[in-house]
Each structure stands twice: as C-alpha cells, then as structure tokens.
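Generate coordinates for the entire structure from the input sequences, incorporating the hints supplied.
Number of protein chains: 4
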Amino acid sequence: MDDKTTILELKKALQKFKEERNWEQFHDPKNLAEAISIEAGELQEKFLWRSIGDISRKIENEPDYKKEVEEEFADVVIFCLNFANATGIDISRVVEEKIGKNNKKYPSEKAKGKHTKYNKL
Amino acid sequence: MDDKTTILELKKALQKFKEERNWEQFHDPKNLAEAISIEAGELQEKFLWRSIGDISRKIENEPDYKKEVEEEFADVVIFCLNFANATGIDISRVVEEKIGKNNKKYPSEKAKGKHTKYNKL
Amino acid sequence: MDDKTTILELKKALQKFKEERNWEQFHDPKNLAEAISIEAGELQEKFLWRSIGDISRKIENEPDYKKEVEEEFADVVIFCLNFANATGIDISRVVEEKIGKNNKKYPSEKAKGKHTKYNKL
Amino acid sequence: MDDKTTILELKKALQKFKEERNWEQFHDPKNLAEAISIEAGELQEKFLWRSIGDISRKIENEPDYKKEVEEEFADVVIFCLNFANATGIDISRVVEEKIGKNNKKYPSEKAKGKHTKYNKL
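Protein chains in written order, with this note's numbering: chain X, 108 to 228; chain G, 108 to 228; chain D, 108 to 228; chain B, 108 to 228.
Errors might be hidden in some of the hints.
Stated by the list, open to error - List time: in silico DSSO-like cross-link candidates among lysine-lysine, alpha-carbon distance up to 30 Å:
{"no.": "1", "chain 1": "X", "residue 1": "K125", "chain 2": "D", "residue 2": "K165"}
{"no.": "2", "chain 1": "B", "residue 1": "K205", "chain 2": "D", "residue 2": "K173"}
{"no.": "3", "chain 1": "G", "residue 1": "K174", "chain 2": "X", "residue 2": "K123"}
{"no.": "4", "chain 1": "B", "residue 1": "K123", "chain 2": "D", "residue 2": "K217"}
{"no.": "5", "chain 1": "B", "residue 1": "K224", "chain 2": "B", "residue 2": "K211"}
{"no.": "6", "chain 1": "D", "residue 1": "K118", "chain 2": "D", "residue 2": "K217"}
{"no.": "7", "chain 1": "G", "residue 1": "K211", "chain 2": "X", "residue 2": "K119"}
{"no.": "8", "chain 1": "X", "residue 1": "K125", "chain 2": "G", "residue 2": "K217"}
{"no.": "9", "chain 1": "X", "residue 1": "K174", "chain 2": "G", "residue 2": "K219"}
{"no.": "10", "chain 1": "D", "residue 1": "K125", "chain 2": "B", "residue 2": "K165"}
{"no.": "11", "chain 1": "X", "residue 1": "K119", "chain 2": "G", "residue 2": "K212"}
Hints are computed from structural coordinates only; laboratory data are not their basis.
Here's what the structure looks like:
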C-alpha cells in the first residue's frame, strides 16, 4: 500500500482518531516526543539480547515475532504522525531537506562502506 | 508536500542514499531500532525542561528553535523509513492495522477526553 | 539504607545474580546500554500524559502508583550497575569527575535558576 | 572508590549541586525521567553500529573512547540520583526488592544460560 498512500492520508487517519476521542488536549509536542521515545524503546526491546545479522535480519522466518515487531513499529510511526499533526510539520519536506543536508555531510565517495560520524570522516 | 508524496517515494529516497554509500551492511534491524531510539531521545531533548502547553505548542513563534525541532524529528522519521526498508514492512498497512486495533482498545465513547490506558478504561 | 550501602555492595549483588544464571555471555556493554535505555523508557511511561508539578511531584499520595514507579526505576539502576560491572567502571569516580566538570560548565552564579544549556549561558 | 562510597554520599553531592544553582524547580520527576532517557540514548549512541562482543567488550583498549563512554554513563547515573532525590526513593531498598523479585521470576535453575523473558521460561 505504500506505493499508493500519501503521508497526508496517514496524517488524516490519525487526526480523525484523535478528534473522535477529544485527545487534542493531551497531544502536546513535549508529550508526543516522549511517547515516540517510549515506543521506540518498546520496539528496541524486541531486539534486545539478539545478536546482529544472523538472527535479526530474518524476522520473516518467525511470523509471530514479526507481528510483534510490526506492531511496535506501527506505534512509533503513529506517534510520529501525531507529532507532525500537532506541530504542523510537513514530513516530506523535512525529510527531503535532511537528506539533502546528509548528502553534504556524508558525500558518497568519502562515506562509502564506513559508519564513521561525519565530523570524523 | 505531504498531500502528494507517497510513503514509497520517501522509502526510495532513503534506499538510494543507503545504496550510494554501501551502508546496507550496517542497516540491521537491531541497529536501526537503536538508531530510532537514539534520535527520539535527541528530539525529546528539545523539549526537556520546557513546561507543557504554554511554551511547547508555540514552536511557530521561535523559528530557530522550530528548525532544530524539525531536524531532530526528520532524523527519527528517516530511521523509521530505513527500518521499514530493512525489514520489508509496509508502513501504511501496519499503521492502518494498528489504528483498527486501537479503535477497539479505545472506543471513542469510553476514551473520550481521557488518557487512561485501555486496560483501565 | 542508602546511608549504609556502598556502591560496591549493590554491584556485587548484581554480579552474583548474573553468575548464578550464567548470563555473563549476554552482558555485553552494547546490550546493556540498550537495556538501560529500554528501562528508562518504561520509567518515563509512568509519567506520560501527566502534567508537571501538580501531579508528578506527589507520588507519595498514590501508594500503588509509587510502587510501580519504584520498580521501573529499580530496573534502570540495576542495568546501570550491570553496565558498570561489565565495563569495570568505578561509578563513584566517574560521577565525581562529571560533577567536577559540570561545576565548571555551570558555575553557580551564572546558572542560578536557569535551565539554559551551558553553551548558551 | 565504589568500595567506600555510600549511595547517600553520591545523592548528597548531587543535592548540593542542585541547591547551589536553585534548580529544585526544574527537578520534577517527569522531567528527570525524561532526562534519564535522553542520557541513556546518548550512552547507547556510543555503541551504535558497533558489533557485539568483538569490539564492545574491549573498551579498555581505546582510552579516548572509554572516556567518552564513562562520561555518558555518568550522566545517566547522575540523573538517576537526581530522580531518587526528587522522589525520596531509597535506591538500595528498591534495588534489593527488585533483585528479590527477579530471583523468583528467573529461578537460576530455569534461567541458566537463557535470555528468555520470564513469562516464556
């Protein structure tokens, strides 16, 4: 569905959910930033103690586990959309601007195959 | 731009960025979940010590501060898109499924105006 | 008990717990840093949607809630102690060093009553 | 120094630091829980992209890196101590209680060598 769904459509679905519950009052940017962080922690917990590569890349092989990961991930994205709604941020714009900036910070010829931070490249 | 941009377009922009740098090897779901969490912490830091409501909702009034918030937020979203690319998750699908689930957990008549957790509603 | 208990005593209690379960193998600093972050998220969740001051300072008044906060907080501290055990860090030393450093970054006459970050003081 | 320093001594050092700056007003438990989480993210960042075991356990071999890790870790501990000061929590007590509880959730004979969550043991 990602090929057809616009960011605005997802934003609107969350906006509707919020309005139906009169939750506007709780959706303060500070609270929502907190919520993103909390949900990100729950997503992370799904990978804690797992080693890198051998297991974590093969989530396809474990349908129950994959389902859990998807749900936690959805929570993170949902609060990101709520955050954008609450602050009026255009997600596509800020993402594209940041990619542009990262293109300069991490020029492909210098950053190729390295995970060095830009200030040490 | 959110009214025109599909999720897939953003995903592809990040996929291209990654491939140009040969960073596929680092984009393990465990690492990316960690990265989302780290960036969410940086976003949160922008609101630390600020009180709720009176200040944090008025980021429009402080253009420099707003710019910083946007950049940190973009980082969170970028790692979410990278996570979805690495795991093959269709974002629109998992978000819609979760909204459907939350509709049952938080029926609007019961949850209206309350921030009570579903298991205590 | 904090007046009598040394840091080392707490560290040893956790060391014993780990050795009895043969968990040394999982206690990699990267994993433990992740675990601290995950538990910190769970602690934070106890305060999400609560406003500042009026409610959050009075946890004494809600014994069940206080118990939950204490448990989540204990988890954060436990993983900090595990992290120190795994890396050989002397907690008292690094804390004192950091306080010394912060004393210079935030001289009391300049930082009094302000939550401004040191680089903007 | 951990063999000689009591928890209370560290708590008092932070209490003094706070009082000298009149920061009591900012040290709300919600804010401090946020701060712990933010600092935990910064600690984690030191290990992001590093693989487990081969590198992350050998921080002794990289003195500059070790110093950075120690400082980030100290920040986490400092906000934990501030949190305990603000809420009146006796750290030794809640840690011992939680270890007691974990002893029941993770009996050593069942949990030996496994990182399985207690509800699936």
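List in ascending order the numbers of the hints, as given earlier, that are violated by the structure.
6
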